[in-house]
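*Asks:* Residues per chain, in single letters:
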Amino acid sequence: MSLRRTPLHALHKELGGRLVPFAGWEMPVQFGGVVSEHLAVRRQAGLFDVSHMGELRVTGPDALPLLQRLTPNDVSRLVPGRAQYSALTTDSGGFVDDIVVYRRGEESFLVVTNAANTARDLAWIRERGGTAAECVEDLSDETALLALQGPRSQAILQTLTDLDLATIRYYRFAEGEVAGVPGTVARMGYTGEDGFEIMVPADRAEGLARRLLDAGSPEGLVSTGLGARDTLRLEAKMALHGNDIDEDHSVEEADLGWIVKPDKGDFIGRDVLVVQREHGVTRKLVGFELRDRGVPRHGYPIVVNGEPFGEVTSGGHAPFLKKSLGLAYLPADACEPGQAFEVVIRGRPVPAEVVPTPFYVRPGKKKKKKKKRAAAAAV
Amino acid sequence: MTPDDLYYSKEHEWLRLEGDGSATIGITDHAQQELGDIVYVELPDPGSALEADDVMGSVESVKAVSEIFSPVAGTVTAVNDALEDAPEVVNSDPYGDGWLIRLRLEDPGSVAGTMLSAGDYDTHVASEAD
Numbered sequence: 001m002s003l004r005r006t007p008l009h010a011l012h013k014e015l016g017g018r019l020v021p022f023a024g025w026e027m028p029v030q031f032g033g034v035v036s037e038h039l040a041v042r043r044q045a046g047l048f049d050v051s052h053m054g055e056l057r058v059t060g061p062d063a064l065p066l067l068q069r070l071t072p073n074d075v076s077r078l079v080p081g082r083a084q085y086s087a088l089t090t091d092s093g094g095f096v097d098d099i100v101v102y103r104r105g106e107e108s109f110l111v112v113t114n115a116a117n118t119a120r121d122l123a124w125i126r127e128r129g130g131t132a133a134e135c136v137e138d139l140s141d142e143t144a145l146l147a148l149q150g151p152r153s154q155a156i157l158q159t160l161t162d163l164d165l166a167t168i169r170y171y172r173f174a175e176g177e178v179a180g181v182p183g184t185v186a187r188m189g190y191t192g193e194d195g196f197e198i199m200v201p202a203d204r205a206e207g208l209a210r211r212l213l214d215a216g217s218p219e220g221l222v223s224t225g226l227g228a229r230d231t232l233r234l235e236a237k238m239a240l241h242g243n244d245i246d247e248d249h250s251v252e253e254a255d256l257g258w259i260v261k262p263d264k265g266d267f268i269g270r271d272v273l274v275v276q277r278e279h280g281v282t283r284k285l286v287g288f289e290l291r292d293r294g295v296p297r298h299g300y301p302i303v304v305n306g307e308p309f310g311e312v313t314s315g316g317h318a319p320f321l322k323k324s325l326g327l328a329y330l331p332a333d334a335c336e337p338g339q340a341f342e343v344v345i346r347g348r349p350v351p352a353e354v355v356p357t358p359f360y361v362r363p364g365k366k367k368k369k370k371k372k373r374a375a376a377a378a379v
Numbered sequence: 380m381t382p383d384d385l386y387y388s389k390e391h392e393w394l395r396l397e398g399d400g401s402a403t404i405g406i407t408d409h410a411q412q413e414l415g416d417i418v419y420v421e422l423p424d425p426g427s428a429l430e431a432d433d434v435m436g437s438v439e440s441v442k443a444v445s446e447i448f449s450p451v452a453g454t455v456t457a458v459n460d461a462l463e464d465a466p467e468v469v470n471s472d473p474y475g476d477g478w479l480i481r482l483r484l485e486d487p488g489s490v491a492g493t494m495l496s497a498g499d500y501d502t503h504v505a506s507e508a509d
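Read top to bottom, the protein sequences are chains A and B.
Residue numbers for the first sequence follow the working numbering, beginning at 1 and rising by one.
Residue numbers for the second sequence follow the working numbering, beginning at 380 and rising by one.
So that you can see chain A by itself, here it is in the shape it has in the complex (with noise of 0.2 Å):
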């Protein structure tokens, strides 16, 4: 089977980028270089082109109610203007893929998929939507997605658009034209830095990209691929489908629970999910450190005195942070930081321990805190 490629194909060529098949697609894994592009986005600005990824338009009166179905999250609490991070879920609450929801209007809904579950997506809701699911058409060919994230990126994008991108708060998006190209602009992204996700006909793309370049570059934007957003979204610790998630493991278990809103009624896999909410869950995902010299990755095992534990779902060296870091299922009693395991590299058990994450919180932004750790914690 021939790779596809995006609209950008020919720009990663002439820039010098390495390109590598990737779920059917060729994109560029680098650059200048994973280290100097990832530590260009988390100190200037870095540009992604993520149109690989999938683009589904759901309109109509059966929109909402399907996507209610469908999703875990709460769609009906999104205004126009406004996305969530959301799943497709299975049965017993694991991952079809993880998407992002956009609400564009009252009945108009786009859903951002995985380049490699775009089509396994659609079979998905065509399935379980039945004829509800005709309200929803695959606008993935004719669409391109750039990402732009550092904290630089606003004031590069600012230069190119009238829209006031100071008011796009996070997860949120507006409809306007960017160097004269009519498209989407939302503030989020995969690298925990701030940045802006911007989705334009496919046609109209390498204009864009090189309007963006060209403006950025004066402010140290750099041509980004594949290999610094897994290294970026690592250090975040945002999960990857196919690695951290997957059908068999739930969105509980992903430790992505905040996603689940079972007050909004059923949808696929809420059952399951609610008795994890409620009686716990005995595996959990969690980010470890490792504590001796070597590099974790995919598929490695974890032991404990030799006892199989789990296996790495993500790992790699950190180019920001400098550290050996992964993610993990453990044992739901063996999740708390400071837990010691081994990784086990090529036959050598590295000591490893549980630390809490994400990892990398960008300077300004406050981390999260955990309700049931800070209940823990006042006992």
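What you were told as hints is all true, and nothing was included just to trick you.
Label pairs and their calculated CB-CB ranges:
(1) Gln-158/A / Ala-508/B: 40 to 46 Å
(2) Asp-292/A / Ala-508/B: 36 to 42 Å
(3) Glu-307/A / Val-490/B: 44 to 50 Å
(4) Asp-432/B / Glu-307/A: 32 to 38 Å
(5) Ser-496/B / Gly-364/A: 55 to 61 Å
Computed far set for chain B versus chain A, every beta-carbon distance over 12 Å:
(6) Met-380
(7) Pro-382
(8) Lys-389
(9) Arg-395
(10) Ala-457
(11) Ala-461
(12) Leu-484
(13) Gly-488
(14) Val-490
(15) Ser-496
(16) Asp-499
Which stretches of chain B does chain A cover? Using the computed rule of at least three CB atoms under 8 Å from a CB of chain A, they are:
(17) 405-419
(18) 435-441
Treat the hints as calculated values from the structure; they're not laboratory data.
Every residue, glycine too, gets a C-beta built ideally from N, C-alpha and C.
We have chain A; now place chain B onto it with these hints.
*Replies:* Just chain B now, with coordinates in the frame of chain A:
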């Protein structure tokens, strides 16, 4: 440019004969480019005996881990400890300060017959790219 005073393996290691029966070994510029930013280098203990094609260590970049094979047989006499704190030197100076280990060779005379010249190595790299 691939230095022509070194020998090469198909697994992208280089070897320099030091004239005293020992050799210095590292990874090639092509290898470091393919790996990307190197963040961790694992090397054998001095004194270890290696056979040809034994795994002698590993080099990890942000993207992947790659095992390093000893191209020849010998005993490890030194390892580049400076890489512990500065693994990125393998990227910036693969044929110089980014060297990995020094071996006392079991059979220094066999190197020329078993390893590639710079020209043959370049041909090998080009064929891998096809």
